[in-house]
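Student: Read off the chains here:
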Amino acid sequence: MKETHVLLDHGSGGRATHELVQHVFARFLSNPYLDAMNDSAVMHVPGHRLAFTTDAYVVDPIIFPGGNIGSLAVHGTINDLAMSGAQPIYLTAAFILEEGLEILLLETIVQSMAEAARDAGVAVVAGDTKVVPKGKGDKIFITTSGVGIVAPGVSVQGQNARPGDMVLINGTIGDHGTAILCTREGLSMEGDIRSDSAALHTLTAAVLSRCPQVHVFRDPTRGGVATTLNEIARQSRVGIRLFEEALPIEEDVAGACEILGLDPLYMANEGKVLVVLPREEAEKALQTMRSHPLGRKAALIGEVIEDHPGRVVLQTRIGGNRILDMLRGEPLPRIC
Amino acid sequence: MVSKNSSRGVRQPMSLKYMDEFRDGGLARRILTKLKKQCSGRAPMRFMEICGTHTVAVFRSGLRPLLPSSLELISGPGCPVCVTASEDIDKAIWFASQPHVLVATFGDLLRVPGSRASLAQERAQGADVRMVYSAMDAVELAQENHDKEVVFIGIGFETTAPTVAAAVTHAERLGLKNFSVFSVHKVLPPAMEALLSSGDLRLDGFLCPGHVTTVIGAKAYEALAARYHMPCVITGFEPLDILHGLWMLIQQRFSGTARVEIQYRRGVTWEGNVAAQRLMAQVFRPADAVWRGLGRIPLSGLAFRDEWVRFDATQKFQVPQLDSREDPGCRCGDVLRGVLSPPQCPLFRKVCTPQSPKGPCMVSSEGTCGAYFKYAYDGPNLEEEEKY
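The listed protein sequences derive, respectively, from chains D and A. Position one of the first sequence corresponds to residue -9 (our numbering), numbered consecutively onward. Position one of the second sequence corresponds to residue 3 (our numbering), numbered consecutively onward.
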C-alpha cells in the first residue's frame, strides 16, 4: 500500500478498502476465520455452528427515502449473517453519538431499529453508548454485531463458486446508493428512488430450503454488484460473465446514474443478495425468489466460467465484452 | 434530468428519459455487419474521437473489438482533466493550502496527481477541499462560509464554461466578496487545429464531441473541415450514435468529401446554444492556454474579462512560481495527441494504475488510459495483476 494517510477512498468498499484490510487489519489480526474474508465467520461450538459478524454504520444522511441509519444497522448485520446461510438470533448495538444530537431524532432511529429487529424476529440483547464532543463525530455512528445458527450441511461461502454455476440476484440494482447520493447532495430526480434496505434472512432461508446446493450468497453493499462479483471471482479463482441485457435496473436509477456519470453496478445495495449455485438449480431458485416479497424482480444475470479466473466480464447489449472491474475509489460524478 | 434543491430554489424534478432506443443490441449488430461489408477490401481508416466521453462510451459498450479491423479509433484531447497541465493542478493545491481558503471543484479533479500530491491527498492532510456538482454549488458554499474565501477550480470545455460564467454573474448579483474562480477552462476547436497542423498524426476524420457542440454549434468546425479536408461528424454518446457517426464518416471518406455533419441531431444545431455562448463571452475572453501534451495553444483558453477580474482567483492571490514537473516517463501527452495508445506506455498497468496514477489519463473518468485499464478485455490475468 503506497498511501501514508487514510483517504476517503479507503472506505469505498472497493479496491482501496480491500488493500487497507489486507495490509493493515489482516496483517496483524490474521486467523483462519478472518482470512476467509466472508461476511460473517462460521465457528464450531459444541452442538452448533455459529455465525458471528460485526459492522459499523456511518451513513450520511442518517434518514433517507426507504429507511434510516437505525433500520439499516439492523438489516445490514442480519444480512451479513444470512450471507453465510445462517439464521440470525441475537444482535448487539453500540452507539457513538455527537454532542448536540436531538433526542427526538435518536428516538426515531432507535424506534425503527426496534421495528426492524421485531419484524426480523431477532432481539437486541446488549448495547453500549458513548458521546463525543461536537465536531468529533457526525451526529450518530452505530455498530451492530450479530450471531446466528448455521443449519447442518449448509456451506455457503465466497470460495465455493464453480464453473458452470449461474448467478442470480433478487431484484433491482443500485437503488440504495443512488437514493443516498440524491438525498445527500440534494439532487431531485423525477420518480421515486428509494433505498432497498431490508432483512434478507427469510429469502435466503427459502432459497436454501429448496436449493441446499447454494454455493455463494453475498450481499452487494458498498462497491455494488460489480465489486462483489469481483470478490467472489477472486475468492473462488473463477471467471464470471454478466449479461448486461438481463440486469434489472429501475429506470429512475438508471437515468439518475446516467446524468451523474455513475454506474448502477457500482452503487450500494442494502436489500439484495447475489446467489451463485449449480446451473440445474437456477430455475428453481429463481422461482423461489420470485415468490418471496423481496424477490419479485429476481433475475438470472450471469454465469461462472473457467476463462480469465479472478475477472468479471460484462457481455454488453451490442454483443461486445468488456472487463467489469472492482470499484476503484469512491464513485465521483463527472464534469460533463 | 436533475435539479438541485437549494435553500432558495424551488424543488423542480425534471423528466428522466432513458436512452434504451439508442442501445438496441439487434440494430447495433445489423449496422456492424453492414460496416464490415462496406470496409471490406478498402484501405485502413483512422478516426479520432475527440471527446473523452466518447472514448469511455466506446469501451463501456465493448464496441472496439466488434469494429472492422480496417477501422481504427484513436482517442483525442477531449478529456478536460487530462489536458490540464501539472502546473495548474499544483496551483489548485496551492490555493487549498492557503489559510481560510476553501477549494471547491468537480469530483474528477480530486485524485489527479500534481507534481507532488493530489487534492484528495491534501484533503486527507487537513485542507478544506469540497466536491461540488456545479459551479452554483460553490457559490452556495461562499454564502454559507463568510469566514472563508471559496476558490472554485473552473475546469472543463465549452460545455462547462457557460455554467461557470452563470455562477460568476450570480455571485455578482448576490454581492459576494469571498468567491473567486481559478479558470483553467479550455476550448476545443483550436486544439483540433493544433493537432492537424502538427502533421504527426494521420487522420481520416473526427468524431466531434456531442456535448461541446450543443453549446458552440456545428458551424465551429466548418473552417477546420475545409482547410484540412477533414470529415467531421458531431456524434452522440450511445452505441448506436457512435456506429451511425462512424458510418457517416466512412461515407464521406468513400465519396471524397470533407464536410461537417450532425449525427447527434437531438442535441446539436448548426448555431448552437446562443444564450450560453453570449454568457460565456460576457464573462470570459479567449486567451492562450497550456495543454498537457500539446503545449501552449493560442486562444485555446478562457480568461476573465477586465470587468469581471475581481472574481479571478489568480488576481486575488499572489500565486508564487511553483516548481512544477510531470512524472518522468509519463506519456499522457502522447496519448492525448493520439500518437501513442495506452498499452504502449511503459508505465501503463505496471506503476501507473487507477489506484496509483502517474498521469491524469489514468485517473480521470474520461481518461483514455483509465478506459483501457478498466474495460479492455485483453488486460492481465489475476496472477499478473497481483504482482503489481
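Mixed in with the good hints there might be a few duds.
The list that follows gives simulated cross-link-like pairs (lysine-lysine, DSS-like), each with its CA atoms no further than 25 Å apart [said to hold, decoys possible]:
no., chain 1, residue 1, chain 2, residue 2
1, D, Lys124, A, Lys318
2, A, Lys179, A, Lys150
3, D, Lys126, A, Lys150
4, A, Lys150, A, Lys318
5, A, Lys38, A, Lys179
6, D, Lys274, D, Lys287
To be clear, the hints were calculated from the coordinates, so they are not data collected in a lab.
Student: Are the hints correct? Go through all of them and say.
Tutor: Verification of the supplied hints:
1. With a CA separation close to 34 Å, the supplied pair D/Lys124 and A/Lys318 exceeds the 25 Å bound.
2. For the proposed pair A/Lys179 and A/Lys150, the alpha carbon gap of about 10 Å is at most 25 Å, so the pair holds.
3. Among the hinted pairs, D/Lys126 with A/Lys150 is consistent with the structure: their alpha-carbon atoms are about 21 Å apart, no more than 25 Å.
4. For the hint linking A/Lys150 to A/Lys318, the alpha-carbon distance of about 13 Å falls within 25 Å, and the restraint holds.
5. Proximity of A/Lys38 to A/Lys179 is assessed by CA-CA distance (about 60 Å); at most 25 Å being required, the pair is judged violated.
6. The straight-line distance between the Cα atoms of D/Lys274 and D/Lys287 is roughly 15 Å, inside the 25 Å bound, and the hint therefore holds.
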